[in-house]
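Participant: Residue-level listing of the chains:
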Amino acid sequence: MSDETHEPLPDRRRLTIAAICGSLGAICTGLGLPSLVYLLSAPKTQSKLQWVDLGALDGFAPGVPQMVTFSRTRIDGWVVDIAKERAWVVTGADGKPTVFSPRCPHLGCAYDWNGALRQFVCPCHGSRFASDGRRTAGPANRGLDRYEVKTAGRRLWLKLAARQEASRS
Amino acid sequence: MIRRTANWLDRRTGWGTVVRAFFNEQIPASSGWLQAIGSVALFLLFVQAFTGVLLALNFAPTPGQAYDSLQYILKEVTGGRLIRGLHHWGASMMIIVLVLHMTQVFLYAAYKKPREVTWMVGVVLFLVTLAFGLTGYLLPWDNRAFWGTVVTTQIAGQAPVLGRYVQRLIGAESTVGAVTFARFYAVHTLVLPTLAFLLTGLHVYLVRRHGVTPNAFDSRPARRFFPEQALKDVAMMFAAFVVLFVLAVAAPAPLEGLADPTDTAYTPRPEWYFLFLFQTLKFFQGPIEPIGSIVLPTAAVVALFAVPFVDRTSVKRVAERTFAISLVLLCAITWTSLTVAAVLTTPRPGLAKASGSAGEGWTLAAPVDLAGLGYFRLAQCSTCHDIVGEGPKPGPTLTGLVPRKSRDQLMDHLTMAKSGADGLKPGDLDALDLFLRRLTRANAMAVMIAPPDMISGARIFVESGCGACHSVNGVGGSVGPALNGVARRYTREWIAQQLAKPESHNPETVMPAFDFTDRERDLVISYLLSLPGK
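Line order of the protein sequences matches chains A and B.
In terms of the working numbering, the first sequence has 114 at position 114, counting the first letter as 1, and numbering is strictly consecutive.
To convert, take the position in the second sequence, counting from 1, and add 1000; that gives the working numbering.
Careful: at least some of the hints might be erroneous.
Claimed, not checked - Derived DSSO-like pairs (lysine-lysine); straight-line CA-CA distance at most 27 Å:
1. Lys1112(B) / Lys159(A)
2. Lys84(A) / Lys150(A)
3. Lys1113(B) / Lys1316(B)
4. Lys44(A) / Lys96(A)
5. Lys44(A) / Lys1112(B)
6. Lys159(A) / Lys96(A)
7. Lys1425(B) / Lys1316(B)
8. Lys159(A) / Lys44(A)
9. Lys1075(B) / Lys159(A)
10. Lys1425(B) / Lys1405(B)
11. Lys1232(B) / Lys150(A)
12. Lys1282(B) / Lys1112(B)
13. Lys1112(B) / Lys1405(B)
14. Lys1501(B) / Lys84(A)
15. Lys84(A) / Lys96(A)
Bear in mind the hints are in silico, worked out from the structure with no lab data behind them.
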């Protein structure tokens, strides 16, 4: 600190510091903003919806929920493959089928049909749902999620996006 | 509030002392822009680490998936192309900056006592940077990466006695494959970064310990690092960043087709900063090849390490260091001429353009062009004709010749027994005619390297009339969906099912079923999967 006289004048010093901070700020912005976009943006192509064949309509007896396993194309990041997936099919008295996503809407556990209670019961936190998907007990804040379905050629079809885990109704 | 927090932290950690010591470092008055180059290298190290981590977050480090995940980064992730561009061009920039830094230190004799170890650590850091470049080159797993690494690992195998063990160590004893990839990835992302940061820490510590080398003939008193010299450092970093950013945005980092170990037509070339070594190798053929590949590079590294011990002369002004200046000029001229020679001998008319970032040239060709090439090969036209003038053949060069002939003249020739095309059906002859008429230097080079299976696939595609409903590379009908990028959307099994029983995927489809043999189906699906995606 002996050479105070060689220090630049206060104004010039302030300007220099401002230039340093400005340049560093610009570099951080130039690197930081694209990085945030890179990390937080969704994949550019939203995959098309596909119809998946669940089987013959006659196979689903009215009243009894039935679990079906089906294969479908799934896009998982850069991996495109055929993935196995499950769904619950409940056919009403009128013969109209409803298909539920196999995940509990609370925190995503796989629930099961309890024949004695005649309800869907989630083993994780005890959420329960009636056979029409209505929530009857437990921490879930809504009923079971449904897939969009259609019947064609006496077969049941379900609509899924290739990137999607399970569709929300 | 901020001041109170800072004080609280300072009393417990003493960090304020560290920061003040850093900012108030006494530096010689002769320091200026040249002394800031080292800071730019440090800055680039951070940029490379930062962008490298970002890339790794979306990268699958196995040969099977690396290429797919890189495509995902480039096409699906917003900003992915920019981040890869920064990392790719940052690597090249790092080499340039390090060479400038070393040249400056060398010319100013800043390696002299007591700074010998600082210099030697710097040389190791330079080698670490080259190792970064070498290992990172393989990671995109495209043709360029694969074949480039085949050559480098073979060179490593030439090292006397140790060659086999080096190859085993880098997992490339029998072939460049999964083990090689794992080794290169681990070295690139774990070993080298650790080394680079530790050695950089040591290097910076040594620079601080001995201080910036003063100009012995400048008697002005020392001054503080902050803020004048700090601004010079930051301004250089900022300029480097702007150049890097513009490069990353404007010049796409190269990416070729997926690595194809069966591609016999590929001419591998190393990264630009290794081209001089590649060219040097050409002077040492046969039994003396290890001289060019192993002995000379090793000697150069040893010479770099030895610099502070060889030059023990007293301090002189830079302008009077004629020997050092001549040496630098000699190196620069040698390097430039070797690199230029290597670039000039690289065969790349058309090919280079076609195999740019969008995939290999042939994957961009219309199916009918590829099919025509199939007939071209079937008729063995190249027995008598060369295509772009690559070698003396009995018949005339084909590029540009056919458009000058009438269709009758061509058909007369093709149906002659000696032409080799006499076995073709009339429809096939039409395709061949079309192919020959559209042959230009650019598309010939691009299309000629197409693998035989893909050509057969394209032929089946054309013969089955797929193009009536579907477009490929912008050519074809629009009744059905365009087929570019089916590999992204469907699996081989799904397409096989779609071809055999289209209604099983969609009961309302208008697509007819195709009764292919297993072989035909495999070929046409392989062709479809090879199409570049959108």
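Participant: State for each hint whether it applies.
Facilitator: Verification of the supplied hints:
About 74 Å separates the Cα atoms of lysine 1112(B) and lysine 159(A), which puts this hinted pair outside 27 Å; it is violated. For the given pair, lysine 84(A) sits about 20 Å from lysine 150(A) by alpha-carbon distance, which is consistent with the 27 Å threshold. For the proposed pair lysine 1113(B) and lysine 1316(B), the alpha carbon gap of about 14 Å is at most 27 Å, so the pair holds. The hinted pair formed by lysine 44(A) and lysine 96(A) fails the criterion: a straight-line CA distance of about 36 Å is larger than 27 Å.
For the given pair, lysine 44(A) sits about 56 Å from lysine 1112(B) by alpha-carbon distance, which is inconsistent with the 27 Å threshold. Annotation: proposed proximity of lysine 159(A) to lysine 96(A) holds, straight-line Cα distance about 16 Å (limit 27 Å). This hinted pair does not check out: lysine 1425(B) and lysine 1316(B) have alpha carbons roughly 83 Å apart, beyond 27 Å. A C-alpha spacing of about 21 Å is found between lysine 159(A) and lysine 44(A), which places the hinted pair at or below 27 Å, so the restraint holds.
Note on lysine 1075(B) and lysine 159(A): the hinted pairing holds, with a Cα-Cα distance of about 26 Å set against a maximum of 27 Å. Proposed proximity of lysine 1425(B) and lysine 1405(B) is supported: the alpha carbons are some 21 Å apart, at most 27 Å. A C-alpha spacing of about 69 Å is found between lysine 1232(B) and lysine 150(A), which places the hinted pair above 27 Å, so the restraint is violated. Of the pairs offered as hints, the one joining lysine 1282(B) and lysine 1112(B) is violated, with about 36 Å between alpha carbons and a cut-off of 27 Å exceeded.
With a CA separation close to 74 Å, the supplied pair lysine 1112(B) and lysine 1405(B) exceeds the 27 Å bound. In summary, the hint linking lysine 1501(B) to lysine 84(A) is supported, as the alpha carbons are separated by about 21 Å, within the 27 Å threshold. Restraint check for lysine 84(A) and lysine 96(A): satisfied, since their Cα atoms lie roughly 25 Å apart, inside the 27 Å limit.
In terms of the numbered hints stated before, the structure departs from hints 1, 4, 5, 7, 11, 12, 13, listed from lowest to highest.
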